[in-house]
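S.K.: Residues per chain are reported as follows:
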Amino acid sequence: MLDIKNLHAAVIDGEPILKGISLSVKAGEVHAIMGPNGSGKSTTSKIIAGHPAYEVTAGKILFEGENLLDLDPQERALKGIFMGFQYPVEIAGVNNAEFLRMAYNSKLKHLGQAEVDALDFEMILDEKMALLEMNQVFKERMLNSGYSGGEKKRNEILQMAILEPKLAILDETDSGLDIDALRIVAEGVNRTKNKNNALILITHYQRLLDYIKPDYVHVLSAGKIIKSGDASLALKLEDQGYDWITRA
Amino acid sequence: MKSSEKNYHQDYKYGFTTEVEMDSFLKGLNEEVIVKLSTVKNEPEFMLNFRLKAYRQWLTMKEPTWQFVHYPPIDYQDIVYYSAPKVKEKVDSLDQIDPEILKTFEKLGIPLNEQKRLSNVAVDAVFDSVSIATTHKKKLSDAGVIFCSISEALQQFPELIETYLGSVVPIGDNFFSALNSAVFTDGSFVYIPPYVECPLELSTYFRINNQDSGQFERTLIIADQNSKVSYLEGCTAPQFDNNQLHAAVVELVALDDADIKYSTVQNWYAGDPETGKGGVFNFVTKRGKCAGKRSKISWTQVETGSAITWKYPSCILQGDDSSGEFYSVALTNGRMQADTGTKMIHLGNNTKSTIVSKGISADHSSNAYRGLVYVGPNAKNTRNYTQCDSMLVGNHSSAHTFPYIEVQNQQAHMEHEASTSKISEDQLFYFEQRGISREDAISAVVNGFCKDVFKQLPMEFAVEAEKLLSLKLENSVG
Chain A
45 MLDIKNLHAA
55 VIDGEPILKG
65 ISLSVKAGEV
75 HAIMGPNGSG
85 KSTTSKIIAG
95 HPAYEVTAGK
105 ILFEGENLLD
115 LDPQERALKG
125 IFMGFQYPVE
135 IAGVNNAEFL
145 RMAYNSKLKH
155 LGQAEVDALD
165 FEMILDEKMA
175 LLEMNQVFKE
185 RMLNSGYSGG
195 EKKRNEILQM
205 AILEPKLAIL
215 DETDSGLDID
225 ALRIVAEGVN
235 RTKNKNNALI
245 LITHYQRLLD
255 YIKPDYVHVL
265 SAGKIIKSGD
275 ASLALKLEDQ
285 GYDWITRA
Chain B
12 MKSSEKNYHQ
22 DYKYGFTTEV
32 EMDSFLKGLN
42 EEVIVKLSTV
52 KNEPEFMLNF
62 RLKAYRQWLT
72 MKEPTWQFVH
82 YPPIDYQDIV
92 YYSAPKVKEK
102 VDSLDQIDPE
112 ILKTFEKLGI
122 PLNEQKRLSN
132 VAVDAVFDSV
142 SIATTHKKKL
152 SDAGVIFCSI
162 SEALQQFPEL
172 IETYLGSVVP
182 IGDNFFSALN
192 SAVFTDGSFV
202 YIPPYVECPL
212 ELSTYFRINN
222 QDSGQFERTL
232 IIADQNSKVS
242 YLEGCTAPQF
252 DNNQLHAAVV
262 ELVALDDADI
272 KYSTVQNWYA
282 GDPETGKGGV
292 FNFVTKRGKC
302 AGKRSKISWT
312 QVETGSAITW
322 KYPSCILQGD
332 DSSGEFYSVA
342 LTNGRMQADT
352 GTKMIHLGNN
362 TKSTIVSKGI
372 SADHSSNAYR
382 GLVYVGPNAK
392 NTRNYTQCDS
402 MLVGNHSSAH
412 TFPYIEVQNQ
422 QAHMEHEAST
432 SKISEDQLFY
442 FEQRGISRED
452 AISAVVNGFC
462 KDVFKQLPME
472 FAVEAEKLLS
482 LKLENSVG
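Each protein sequence line maps, in turn, to chains A and B.
Residues in the first sequence are numbered from 45 upward in steps of one, following this note's numbering.
Residues in the second sequence are numbered from 12 upward in steps of one, following this note's numbering.
Where hints are given, some of them may not hold.
Below 25 angstroms or equal to it, Euclidean Cα-Cα: the simulated DSS-like pairs (lysine-lysine) are [claimed, not checked]:
hint, chain 1, residue 1, chain 2, residue 2
1, A, LYS257, A, LYS210
2, B, LYS466, A, LYS183
3, B, LYS478, A, LYS153
4, B, LYS304, B, LYS391
Quick caveat, the hints were computed from the structure, so don't treat them as lab data.
Input sequences plus hints: build the corresponding full structure.
M.R.: Here is the structure:
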């Protein structure tokens, strides 16, 4: 589904951050990317999504065989790439439910299907909100505006549940969540998981991986994947930290 | 961004001109021109005297320079002060109007003929200096409402005009209002009799067509005791390389328990977005007087056009328990400049005012809010709430606020809130990452920002205003 080949990238007019990443993700798989602060984890996710602050200096990203780097962020999203933001932006004045419906309708329109009106959408929304045990007030509130860190993250997963992407990249979705919220969010993610979609989890902590079982774990350090393994790698990292790999 | 580079700045879609036979004066202004103007219009003597007095006063006045806008000096002798499509008589039937003009209004979305006209809005269409037609006359006159051009009102209801014209904006109020008082050619007149709620929305649509004529319209609205009216004006002009001067005066009078709601959607040609060449100078004096007890005047404006907008729709709260409101969205882009706001003059007891101003500046434009809240020494127990928000789009625009508060007694409650925000690349990326286009994202953010003002507009115009704003901002971000 996703093929990253020897990806080099930098902040526009700035320092190089990624220095040759290769990663292949197939449908049905869950990958976890871990690594010390500043290793390029968030940058990787933003580059896949097409954030304008970065430029790719070498390498390729293919999504279902298509060169992703030719597409703008909206086109990538419509192809089925979803990014759960580490720090979702606050947008005062835009109603959350309306925003979700805009996003949902953009997808329907892209698929050549009829758009849904506010009433029909409310039914879809109610079902997904129940899944994430979200309070109804989130329909009326402004997008991410004044939400706590945990509320923002839960709202990200709500968006994912509604848009049903092929590939979801969740950037530190677990940070800011208390233990109960983590369980609920993780269960929500697991329920959307199937053999046709794929998931990349960016996280610092093993505890998320207790709930969402990864098939592969990668360690990113200084812009490169320096080790890959199965779920047991995460346990070892939790136990021993990164030193033993980064020094090797 | 690839997607936003194509068709930078939608062309101004109202920029066309109409070929019609016109009766126009030669350029220039002197007492003779004013006498001729008054004679052509067959005006009563008091009107000519009013004009001459204004002209003489204007000659002694200086063009103000305190506003936060810059423009080259205006040559007042290089303007045509009267320009009218050739029509023999004031028409009763649309058949007598030049079909080109009817087409023009249809193109602007203001069909005037019976079959197509808006069913719930009565429209007075003004083309350059004169009123072309007013729709729904019968329904209005059945209710006792007078809605006609001010020229017609001068013939039919001279006493009303003599009583109220200049009663809110005196002849010598300011440079441009003095000029307007001397040379105004047409505009709308509304009178709502006591205990009548006007059965239709009233609307005037102003169209500048002649490249060299100034537009000096005059609007006078009187709401008698316990009456109610909602009025809307819209405006467009063709695209010319030179500047057209639009110096209008609007006066509103609300007697005891009367309620006037005045909405504006202004979309004059704003000049070339890259060079700033051309566009309308929109120098307008708008003022309402809450003369009666418990009366109410509410201004709502959506200013999206003009090279320069310079206006302060204001309320004089004279009657006890009267209230004034000002809701404004001012959008500037390209090289536009706006200096706009309001004045709330509290003179009566228990008077209330609300000011909600939303300024959006994009590209290389400059947008200023200027407002005065004045509470006189005898105005007890007054209240004002002011909210003044600016939004910046891109990195080259500017926003300014000049709030003045002057309170002459101890019993006033003043509240003032202000904020400045910016549409950021990160916000737009968030929308795009969810599959929403950049254009839709901008319009969602901007319309969210303006929501408090748009909800004051009559329904169909609120939708129009939202679309207009989105269109204008389409390529201004990033």
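S.K.: The structure should be examined with respect to each hint, and the outcome stated for every one.
M.R.: Verification of the supplied hints:
| no. | hint | verdict |
| --- | --- | --- |
| 1 | LYS257/A <-> LYS210/A | holds (18 angstroms) |
| 2 | LYS466/B <-> LYS183/A | holds (20 angstroms) |
| 3 | LYS478/B <-> LYS153/A | holds (20 angstroms) |
| 4 | LYS304/B <-> LYS391/B | holds (14 angstroms) |
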